[in-house]
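Student: These protein sequences, in sequence, are chains A and B. Mapping the first sequence onto our numbering, position 22 (from 1) lands on 1087, and the numbers just tick up by one. Mapping the second sequence onto our numbering, position 148 (from 1) lands on 150, and the numbers just tick up by one.
Hints are computed from structural coordinates only; laboratory data are not their basis. One thing to keep in mind: the hints can contain errors.
Within a straight-line C-alpha distance of at most 27 angstroms, the following computed DSSO-like cross-link-like pairs (lysine-lysine) qualify [as the list claims (entries may be wrong)]:
hint: 1; chain 1: B; residue 1: Lys300; chain 2: A; residue 2: Lys1232
hint: 2; chain 1: A; residue 1: Lys1213; chain 2: B; residue 2: Lys300
hint: 3; chain 1: B; residue 1: Lys326; chain 2: A; residue 2: Lys1156
hint: 4; chain 1: A; residue 1: Lys1198; chain 2: B; residue 2: Lys59
hint: 5; chain 1: A; residue 1: Lys1156; chain 2: B; residue 2: Lys59
Examples of chain B residues toward chain A, derived with CB under 10 angstroms [stated by the list, open to error]:
hint: 6; residue: Lys103
hint: 7; residue: Val104
hint: 8; residue: Glu105
hint: 9; residue: Glu186
hint: 10; residue: Ala224
hint: 11; residue: Asp248
hint: 12; residue: Pro250
hint: 13; residue: Arg333
hint: 14; residue: Arg359
hint: 15; residue: Asp382
Some chain A residues judged to face chain B by a derived CB distance under 8 angstroms, without partners named [claimed, not checked]:
hint: 16; residue: Arg1114
hint: 17; residue: Leu1118
hint: 18; residue: Cys1164
hint: 19; residue: Leu1207
hint: 20; residue: Gly1208
Glycine included, C-beta positions come from ideal geometry on N, C-alpha and C.
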Amino acid sequence: MTALDFAAIAERAKPAEARTSDNGQPWLLVPATELVRLCILLRDDPALRFDALADLTGWDLLKYPATPPSSDIAVVYYLHSLTHRHHLTLKVLAPREACAVPSVSGVWPAAVYFEREVFDLLGVRFDGHPSLKRIMCPDDWLGHALRKDYVYPAAYNGIAHLREGQKFEAAPVRGAPA
Amino acid sequence: MSSDLAIETLGGERMRLNMGPHHPATHGVLRLIVDTDGEVVANCTPDHGYLHRAIEKIGECVEWPMFVPYTDRVDYVCAMNANLAYCLAVERLLCTDAATKVEVPLRAECIRVIVAELNRISSHLVAVGAMAMDLGAYTPFLHGIAQREGVNDIFEKLCGQRLTYNYITIGGVAFDLHKDAAAEIEAFLAQFEKEMRRFNQLITGNTIFRDRCAGVAVVSAAEAVAYGLVGPNLRGSGVDWDLRRDEPYGLYGKLGVRVPVGQAFAGTHGMIGDCYDRYIVRLLEINESVRLVREALKLLPPPAEKEADPVGGFQADVTKQLRKPPKGEIRVRTEAPRGEMGYVIVSDGTKIPYRVRCRTGSFTACGIFNKLMKGIFLGDVVTVIGSFDIVVPEIDR
């Protein structure tokens, strides 16, 4: 039982590229085509043994003040090894249009639910998922609420969300970061 | 047994049964679509979303401290722990930059452990009481709820609320403990331990209850890990993992948390990872929480002099830092009563979070239902739901 540090894990997880977030958190950028192969390696390599998918989530980079700006959807995998007690963060950047990533539900069954949630709220398709459908919103809901360009619907199935003359409050203005 | 009575041999047909969304044994508005094959469950599909309140979307629309009350509503059975998870995440985010570093006072850290563990006690009481009630034993539930009232009374004196507290804030806690609080908590714990002995006599050793739980819905350790089970559900399968001990946050590193794991407590018919193990692990955790509250009370420093410290030493001022937090992302996970409550927070450097993600234990627990329910008796479905202690607002968020 030896916990490896990020550099040692990154070394074994080629061709993923090691990156750090703006506040110094390390993560690996994985090409979508390599994701499943890499995840199986991370799970089965005796020195790595990432046996748990601790969390799978994502966020829309559209309004994030990055250089260069991006309009991708980041799908983020938090892996954890209960055997060695180390962690790893993987990210796959999915293009906004034709937003699809291979499913890892065959690697960790926990991904079945997580991926349904990301599909529902961020509109990422997971190819190879056994039952990819919405989990929180109704099946006939339009749009994906956590996308930064999501427009609040005025009605659902003919039921208006607002009274006559009422308006949605303006969304909070994101000032440029200082 | 199920194979002898299968559809194929009898030539009958399956019946589709809707359990919920309004069903007392589904602990909220969870809907299970159960296909029954006589008395045996052939397939069970959970249907979620009836309690979806877009809490993660709200997180992107309100300022950092304004999100704390919403965390209460993520899991109202253990709102203190839910507060703690989010506040800890924001504090860790601030700590990634030296300019916005925040230091939580020791007194606040002690109070956090006290309230979080008291809330764990009351949450587990609901869990074990409701599980017994699902199996037809109503009295233990009332005993559990009566003790939970004691915890609620302590919290009411502390912050004026009995269910959703909004008590733990970013940088500390909202109010100091009043001067009699330590004695009151100690008095509560003393009578609570006595009362728990009675609770255990009533139900834990009850043969009917034990036999209905023993060997039902066994989750192996490897399955529990692969399906992302956390907290008591994971430990019930014999996996020795508790974030309070293994990735200590706050004061937990100093307290030496002892972690109970499942070990086929039900005796001859029991198996590691059955419903009875998950039940017993919760009971043992209650005992451990009682000890942790006492330890934290011992470590509690005296209140600061008002003149010396304007906020009384229970809260760090983070107003300035929260207007310009560091840009970036952080993931923090804490051990809530229903297991890992993890927050992923992305900040774009403004006073409003860019993304708030909350990972909860009940959500992944539901992911294993479909697999576990196949082939069990219809009457055991409520045992399984009860043993996983799911709280629906936590699933749907």
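Student: Hint check: A/Lys1213 vs B/Lys300, CA-CA at most 27 angstroms. Holds or violated?
Tutor: 48 angstroms, violated
Student: Can B/Glu105 be said to touch chain A, with a Cβ gap under 10 angstroms?
Tutor: 18 angstroms, violated
Student: Holds or violated: B/Lys103 as interface residue toward chain A, Cβ cutoff 10 angstroms?
Tutor: 12 angstroms, violated
Student: Should the interface hint for A/Arg1114 be scored as holding, given a Cβ-Cβ cut-off of 8 angstroms against chain B?
Tutor: Status violated, d = 11 angstroms.
Student: Grab the minimum C-beta distance from B/Val104 to chain A and call the hint holds if it beats 10 angstroms, violated otherwise.
Tutor: 14 angstroms, violated
Student: Grab the minimum C-beta distance from B/Arg359 to chain A and call the hint holds if it beats 10 angstroms, violated otherwise.
Tutor: 5 angstroms, holds
Student: Hey, does the B/Ala224 contact hint survive, CB to chain A under 10 angstroms?
Tutor: B/Ala224 check passes; min Cβ-Cβ to chain A is 8 angstroms, inside 10 angstroms.
Student: Hinted pair, alpha-carbon criterion (27 angstroms max): A/Lys1156, B/Lys59. Please report holds or violated.
Tutor: 21 angstroms, holds
Student: With chain A as the partner, please determine if B/Glu186 meets the hint condition of a C-beta pair closer than 10 angstroms.
Tutor: 38 angstroms, violated
Student: Just to be careful: measuring from the Cβ of B/Arg333 to every Cβ in chain A, is the smallest value less than 10 angstroms?
Tutor: 6 angstroms, holds
Student: A/Lys1198 and B/Lys59 were given as a pair; does the straight-line alpha-carbon distance stay at or below 27 angstroms?
Tutor: 20 angstroms, holds
Student: Close enough to count: is the Cβ of A/Leu1118 nearer than 8 angstroms to one in chain B?
Tutor: 6 angstroms, holds
The structure fails hints 1, 2, 6, 7, 8, 9, 12, 15, 16, 18, 19, 20 (numbered hints given earlier, in ascending order).
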